[in-house]
Amino acid sequence: MAKGVISIRGARVHNLRNVDVDLPKNKLIVITGVSGSGKSSLAFDTLYAEGQRRYVESLSSYTRQFVNLQAKPDVDSIEGLSPAISVSQKTAGKNPRSTVSTVTEIHDYLRLMFARVGVPYSPTTNRPIVKFTASRMVKEIANLPPGARVYLLAPIAQDKQTEYVKEISNIRKQGYVRISIDGVVYDINEIPKLEHNKRYDISVVVDRLVITGERSNRISSSVENALAVGHGVLCVKIVTLPGDYTDGEYVEGQVLVFSEHFLCPDSGFNVGAIEPKLFSFNIVNSACQYCMGLGRSRAVDVNMLVPNVELSIIEGAIDPIGPVKPACYSSYESTFVHKCCTEILAIAKKFGIDIAQPWHRLDLKSRNLLMFGNEEGDLNAAKVGNFKGIVGYLSDTGNVVAEKIAERYSVFRKCPHCAGFRLSPQALSVKIDGKHIGNVCAMTVSETIEWCEGLPARLTDFEKQICSKLLDEIIRRLTFLSNVGLGYLTLDRESRTLSGGESQRIKLASHVGSSLTGVLYVLDEPSIGLHQRDNALLIETLKNLRDLENTVVVIEHDEETMMHADHIVDVGPGAGVNGGQIVAQGSLEEILSNTDSITGRFLSGKMDIPISDCNKTFSKWIKIRGACKNNLKNVDVTIPIGGFTCVTGVSGSGKSSLIGDILYPYALHKVYGVTPPPTECAGILGLENIDKVIEIDQSPIGRTPASNPATYVGLFTHIRSWFAGLPLAKSRGYTMSRFSFNAKGGRCESCKGDMYMKIEMHFLPDMYVTCEECNGLRYNRETLEVLYKGKSIADVLDMTVDQALDFFSAIPLIREKLESLQSVGMGYIKIGQPSTTLSGGESQRIKMSKELSKRSTGNTLYILDEPTTGLHISDIQNLLQILHRLSDMGNTVVVIEHNLHVIKTADYIIDIGPEGGTHGGEVVGVGSPHELVKNYPNSITAKYLAPYLKSAKS
Numbered sequence: 001m002a003k004g005v006i007s008i009r010g011a012r013v014h015n016l017r018n019v020d021v022d023l024p025k026n027k028l029i030v031i032t033g034v035s036g037s038g039k040s041s042l043a044f045d046t047l048y049a050e051g052q053r054r055y056v057e058s059l060s061s062y063t064r065q066f067v068n069l070q071a072k073p074d075v076d077s078i079e080g081l082s083p084a085i086s087v088s089q090k091t092a093g094k095n096p097r098s099t100v101s102t103v104t105e106i107h108d109y110l111r112l113m114f115a116r117v118g119v120p121y122s123p124t125t126n127r128p129i130v131k132f133t134a135s136r137m138v139k140e141i142a143n144l145p146p147g148a149r150v151y152l153l154a155p156i157a158q159d160k161q162t163e164y165v166k167e168i169s170n171i172r173k174q175g176y177v178r179i180s181i182d183g184v185v186y187d188i189n190e191i192p193k194l195e196h197n198k199r200y201d202i203s204v205v206v207d208r209l210v211i212t213g214e215r216s217n218r219i220s221s222s223v224e225n226a227l228a229v230g231h232g233v234l235c236v237k238i239v240t241l242p243g244d245y246t247d248g249e250y251v252e253g254q255v256l257v258f259s260e261h262f263l264c265p266d267s268g269f270n271v272g273a274i275e276p277k278l279f280s281f282n283i284v285n286s287a288c289q290y291c292m293g294l295g296r297s298r299a300v301d302v303n304m305l306v307p308n309v310e311l312s313i314i315e316g317a318i319d320p321i322g323p324v325k326p327a328c329y330s331s332y333e334s335t336f337v338h339k340c341c342t343e344i345l346a347i348a349k350k351f352g353i354d355i356a357q358p359w360h361r362l363d364l365k366s367r368n369l370l371m372f373g374n375e376e377g378d379l380n381a382a383k384v385g386n387f388k389g390i391v392g393y394l395s396d397t398g399n400v401v402a403e404k405i406a407e408r409y410s411v412f413r414k415c416p417h418c419a420g421f422r423l424s425p426q427a428l429s430v431k432i433d434g435k436h437i438g439n440v441c442a443m444t445v446s447e448t449i450e451w452c453e454g455l456p457a458r459l460t461d462f463e464k465q466i467c468s469k470l471l472d473e474i475i476r477r478l479t480f481l482s483n484v485g486l487g488y489l490t491l492d493r494e495s496r497t498l499s500g501g502e503s504q505r506i507k508l509a510s511h512v513g514s515s516l517t518g519v520l521y522v523l524d525e526p527s528i529g530l531h532q533r534d535n536a537l538l539i540e541t542l543k544n545l546r547d548l549e550n551t552v553v554v555i556e557h558d559e560e561t562m563m564h565a566d567h568i569v570d571v572g573p574g575a576g577v578n579g580g581q582i583v584a585q586g587s588l589e590e591i592l593s594n595t596d597s598i599t600g601r602f603l604s605g606k607m608d609i610p611i612s613d614c615n616k617t618f619s620k621w622i623k624i625r626g627a628c629k630n631n632l633k634n635v636d637v638t639i640p641i642g643g644f645t646c647v648t649g650v651s652g653s654g655k656s657s658l659i660g661d662i663l664y665p666y667a668l669h670k671v672y673g674v675t676p677p678p679t680e681c682a683g684i685l686g687l688e689n690i691d692k693v694i695e696i697d698q699s700p701i702g703r704t705p706a707s708n709p710a711t712y713v714g715l716f717t718h719i720r721s722w723f724a725g726l727p728l729a730k731s732r733g734y735t736m737s738r739f740s741f742n743a744k745g746g747r748c749e750s751c752k753g754d755m756y757m758k759i760e761m762h763f764l765p766d767m768y769v770t771c772e773e774c775n776g777l778r779y780n781r782e783t784l785e786v787l788y789k790g791k792s793i794a795d796v797l798d799m800t801v802d803q804a805l806d807f808f809s810a811i812p813l814i815r816e817k818l819e820s821l822q823s824v825g826m827g828y829i830k831i832g833q834p835s836t837t838l839s840g841g842e843s844q845r846i847k848m849s850k851e852l853s854k855r856s857t858g859n860t861l862y863i864l865d866e867p868t869t870g871l872h873i874s875d876i877q878n879l880l881q882i883l884h885r886l887s888d889m890g891n892t893v894v895v896i897e898h899n900l901h902v903i904k905t906a907d908y909i910i911d912i913g914p915e916g917g918t919h920g921g922e923v924v925g926v927g928s929p930h931e932l933v934k935n936y937p938n939s940i941t942a943k944y945l946a947p948y949l950k951s952a953k954s
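Under full-length UniProt numbering, the first residue of the sequence shown is numbered 1, with each subsequent residue one higher.
Derived from the structure by calculation, the hints contain no laboratory data. Ideal Cβ placement from N, Cα and C applies to all residues, glycine included. Relax, there's no trap hidden among the hints.
Now the in silico label distances, taken between C-beta atoms and shown as ranges:
{"hint": "1", "residue 1": "V257", "residue 2": "L194", "range": "15 to 25 Å"}
{"hint": "2", "residue 1": "S514", "residue 2": "N217", "range": "50 to 60 Å"}
{"hint": "3", "residue 1": "V309", "residue 2": "K349", "range": "20 to 30 Å"}
Below, simulated DSSO-like cross-link-like pairs (lysine-lysine); rule was C-alpha separation at most 30 Å, straight line:
{"hint": "4", "residue 1": "K606", "residue 2": "K934"}
{"hint": "5", "residue 1": "K616", "residue 2": "K670"}
{"hint": "6", "residue 1": "K72", "residue 2": "K27"}
{"hint": "7", "residue 1": "K854", "residue 2": "K616"}
{"hint": "8", "residue 1": "K435", "residue 2": "K633"}
{"hint": "9", "residue 1": "K388", "residue 2": "K404"}
{"hint": "10", "residue 1": "K670", "residue 2": "K854"}
{"hint": "11", "residue 1": "K339", "residue 2": "K388"}
Hey, can you work out the whole structure from these sequences and the hints?
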C-alpha cells in the first residue's frame, strides 16, 4: 500500500460493484455522481462505518453494550484509515430546549460572562440593585445625620402569611423584647391578636440607636445580629432627625433597606445569588415558571373557535360549544358545554346580544364579551359578573374536560410572561451594556459578533479583565458559524427548526473550532441551503479543516466546491444497478479531460442545461399582500399562475417564511378549508384559480423497510389485485391481502415478511441473516405458487421499474403507474426496494411520480423547497423537464432554490433580500432571469446569475 493514502479494496456495500479506490490523505476530496449512483454507500456506509466500527471495537465489551454499533461493511480491506467523524444532514433532534447557542456551547460562555460582570436592575425602578457587605452597612448607618434616632430592624415576614405565633415565640426565645408589626412597635409580650389569613410586615427590633457620627462596636454587633435574624436583610428606620437637619436627603419615618443579597429596597424584588445556573432555562428555579423555559405557551385562538363567521351562535358559530338553543339542556354531551350555553344565553339576554345574527355581524364589544367575559377583549381584565367568557372557560387548567377541548383550538404563542426569553424575571434583570442574556440570544450571529467586539470599550478595566477570555472564545465560535454562512441565524433559534444543511454546518463549525488533527471527516452536501455568495466562505472552512492535517471527504454536486477540490471521485455511470463503479478519479484537470465522466463534461462546458426560447406571458396572478412573518417587512409580491417561479435570495433572507409560512398554509385554508390562515399577512388574492395544493419535499416516503416505491405510489395495490384474480388464486380463495407481506396468511411467519431475521449479539452489532424459511422472499410457499408469466409476486417485487414495465405492458392500471415512475428517471430502482435505502432525491422524484400519475386539472399549486438537494447536474436536467412539464399543463410551480441552473430556466424570479435575518425580508427584484439581471444590478442573485445566462445554450 502506498503511504499517505486510504486504500479501499473490494467494496460491495449496496450497489457498489467490487470497487477499488485510493483516496489521498490530508486532502479535500469530493465524491460526486448522479443520484443513487453509490456515493453515500462509499463515503458513509463503507469509509465512515469501518472507521467508526474499528474505534468501537477498541472499547471494552461492557462499554460496547451502550454504543450504537455499526455493522461491518461488505469490503475486502481498507488500509490507512484514520479515526472517522461523520457530519451528516440530520437535524439536531426534536428537543425544544436545544438552540443554536446551546448546541455550539456559546450559551455556556454567555452564562458565565453575565454571572461575573452582569449588573441586576430593578424591574420596578430600572435602577441598579446593590449588594452590601456588613462593614459597608455599618459605614452607611454611621454616616446618617448625627443625633438621629434609629431602629435597627430584622424583617422576618414581608407582606405574607406565616405562622405568626411560632415565629414570635422563636424571637422571644432569642431574647428580643420589641417587635414591629406594619410599622408599629410593640412590646413582645403585648402584641395584639393577629388574624390568621391576613398579610403583615413583621420585623424584630434588634437595637435602638442614636447616631454619633462614628463607627462603634455596638453598631457592628447589632448589624451582625440583625443580618442573622433577617437572613441577610437589615432595615434601618429613622425615628427622629436632629432639629438642625436641613439637607432633605432623609425624612422621619423613612426606612432604609440593606441586604447581603441583590434586593431592591423599593419593591422587595430579590435576585438571589448570581451564578451561571441562574441563566439556564433548563433549571427549574431559573426558567420562567409559566412556560417552564420553553419560551412559548399554549393559548386558545379565537379564530379557530369560530371557523365559519357566517353562522349565528344559535346555528353553532362557536365550534366547541355547537348550536346554542333556549331549550332543555339534557341533550348536551357534557356539563361543561351545558354551563357555557347557559351562561351565553344569560349574557345575551342581559346585554341584548342577538344570537340569531351571523357572527361577523355582531359588534366587537359583543364578540369580546362572549369570548373574554369583558368588552375589552382581555382575558386578564375584570369580568362581567361570574362569566369568564368562552376563552376563559377553555383556559381553565383545573377543568379536565375544558383542557381536552382547548387542545383542538389552541396554538403556541410567545410566552407573555417572559416575552419568549425562557428565563425567570431574576435572570432577565441582570444586564451588560443594557442587554440581558435573552436580548443577546435574540440577536443574529453577525449582530452578536459586532456587539461582542464593541463591548470592551463600554466596560470598566476590572470588567474587561474578567471577561476578556470569555469574549475571545464567544467571538471565535461565532466567527466559525459566520464563516459557514450562518450569520443570519439567531442564537435562540430552536435546533429542531433548522434544515439538514444548517445543522450540518453548525456541526462543521464546531469541528473546525475543536482543532483536531489526523481525523477523517465525512460530510454530506454541506452547501445545501447556501446561496452562491456564501459558498466561498464554506469552501475556505473546508480547506481550513484540511490544513489541520485532516482528510476531508465531501459528497457534493456544487461545481465551485469541485473546482477547489484536491481530488475528485466520480461514481456512476448511472444510478442503482446501473451505477456503483468509479467512472473517473483524480485532479480537476483529469476529470475535465475524461470523456466517460458526465461530471467532467458539465464542468468543462461541453454539456449544459439549455434555456427555453419561449417567453411566457401571464394573465392571472397570485397576489400576496402585507406578508410580515419572521423577518418579512410587509412584503407585497405576485406569482404568475401557470408559470414556473423561483424564489431566490441569500440564506435567511425570508424565502421559506414567504412561501412555506405564508403562501402554503393560506392556500391550504383557501382550497381545503383546513388550518386557520396565517395572521402575519393582509391577504392573498387569486387563489380561486387553484383547486389543489401539493408540497413536495425530500423527506423519506416511509420509515420502515415495509415501505417501498410500489406501496407509496399505489402500484402494489394493483399488482396484488392482479395476482388475486389469477385462476390458481381464485380456486384457493385467495384475496388481495394474501399477497401482502404485512398481513398474516400469505407472508412468511418466520420473518413476518421482513426477509431477514434479527439476531441480537449484545456487545457486538446485531446481525441480520436471510430468513431460512422463505430465503428472503417474504412469502410462504403456498403464496409463491401463484404465478403470472412464470413469475411469483416476490419475483415481481425484485424487478426494476424498467423490467416491470415490460412485464406488465398489457395491464393499463399497472403500466400507467410504472410509466410515471420511469418518466421521473426512476427506471433503475427495484419496485420492492425498501424506502429506507432511498436517497432524498430519489424520494422526492417518487413523490412527483405519484402526483403525475393522478388526473390533473391543470390548476394545481406545487411548492418545492430546494428540490435539487442531492441531485447531480444531469439529475437537475431531468427534474427541470418534469417541473416545466407541470407548468406547461397550466399548473403553478413555486420553487425555493439556490441552484443557478434551475434559476436560469425559470419563467419568473422573486429575489428576497438583500441580506439574511433582520437585514433581509424585502423584495430585491422580480421578473424573468434576463429582466432580473438587467433591471436589478444591486441583486446578489443577479450578479451570480449573469454568467450562467451568457454561457447557456438554447
